[in-house]
Amino acid sequence: MSISFNNALGIHEQALNLRVKRAEVLANNLANADTPGFKARDLDFKAALNNSLSQSGSAGSMAMAQTNSKHLSTSNDASESLLYRNPTQPSIDGNTVDTQQETAAYMKNAMDYQASFQFLNSKFKGLTSAIRGD
Amino acid sequence: MSLNRIFDIAGSAMSAQSMRLNTTASNIANADTASSSTDEVYRARKPVFASIQQSVMATGFNTAFTDMPESQGVEVKGIVESDAPLNMRYQPDHPMANGDGYVMYPNVNVVEEMTDMLSASRSFQTNVDVMDAAKTMMQRILTLGQ
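Order-wise, the sequence lines are chains R and W. All residue numbers for the first sequence refer to full-length UniProt numbering, where the first residue is 1 and numbers rise by one. All residue numbers for the second sequence refer to full-length UniProt numbering, where the first residue is 1 and numbers rise by one.
Please keep in mind that the hints were generated in silico from the structure rather than gathered at the bench. Where a beta carbon is used, it is the ideal one built from N, C-alpha and C, also for glycine. A portion of the hints provided could be inaccurate.
[Claimed, not checked] Looking from chain R toward chain W, a few residues come up when the C-beta cut is under 10 Å (computed):
1. ARG19
2. ALA27
3. ASP34
4. LEU49
5. MET107
If we strip away everything but chain W, and leave its shape as in the complex, we get:
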């Protein structure tokens, strides 16, 4: 009985989604932080998801040759900064304005971030439900023979 692995799988997904929610929160919070140079300006951060591949040793002899090993959960490979063009506004009166009178704003698209936030919280919820169902299944097996 390997119901334990479902907890690992759903748990990895939940931590990945909360990481996504964290970066989204950081992006929205910094959406309007002004800066005077392109080096210092905040750039939108996005987590990169990848599925956790089981090692060949764990999958056994047969599956190693017939098929790709099945994955066991999801992990965050890293967080990348967005390459989207920065938001430049001509505000000569702004204290952060550069020599030409431009102020740099982050390349955060708030609409996109809101969508990401909703998607992340939905996925998180789904994984909570998965874990809950697995818990029920496990509790049933403990009552076997009673």
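For reference, chain R alone in the conformation it holds in the complex:
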């Protein structure tokens, strides 16, 4: 019996990566809170996770097979599920960043990251104790 990291770690590795990606997008929104014309963006987390799972080939793979090295990759990366936020209070200069909303989303994302991390860490701990056999 062989242990592959894909099976052992499950969904949490992808989830953690996407949490980092989403943190980046939200941090960018907050950074551009005073930039005229900037449109706030966010990641459709569920869609992005499904994409990245189908990419890794673990669940219902929709990825196209590359039978030749010259084939272009059709990978769906996370930026394809990058959407625009519906503004609640649009400002005159066209900026749609709501700092309070973005801060809340950023903090929540950081908490979810901690959760994913906790899961991943316990998986590793499980593997370690299985190897040690105690």
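Position chain W relative to chain R; hints supplied.
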């Protein structure tokens, strides 16, 4: 793991906001500097913010065609001088008065500058918080498997 990019993004925002705070300080400091000609008078300075667009090469093949490349932080494009009308006061006794007895004062609106200052310091603070949270996330990842 690209948590490093969050530091770049928040850092660019912090430097942009401190630039805004600098121009505000300069405007308020010069709010009452008198001058005798329209050429020499101080004009309110405002930074122009723009988001940093990633190059197409960095975003990869897919995003280049489907969407606008996502931005990575904010930059100051330049500093422009305000076109608002100058503040002219009739003060014939003033040493800087021109031939008609008028003294030129800068077109600095102190109320507007105070608002700008508060907004800049708030935004700066927000970005410090973003960086702090990213730091915590990064420190956690270093303890993976321990």
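Each hint tested on the structure:
no.: 1; hint: ARG19; verdict: holds (8 Å)
no.: 2; hint: ALA27; verdict: holds (5 Å)
no.: 3; hint: ASP34; verdict: holds (6 Å)
no.: 4; hint: LEU49; verdict: violated (17 Å)
no.: 5; hint: MET107; verdict: holds (7 Å)
In summary, the one numbered hint that this structure violates is 4.
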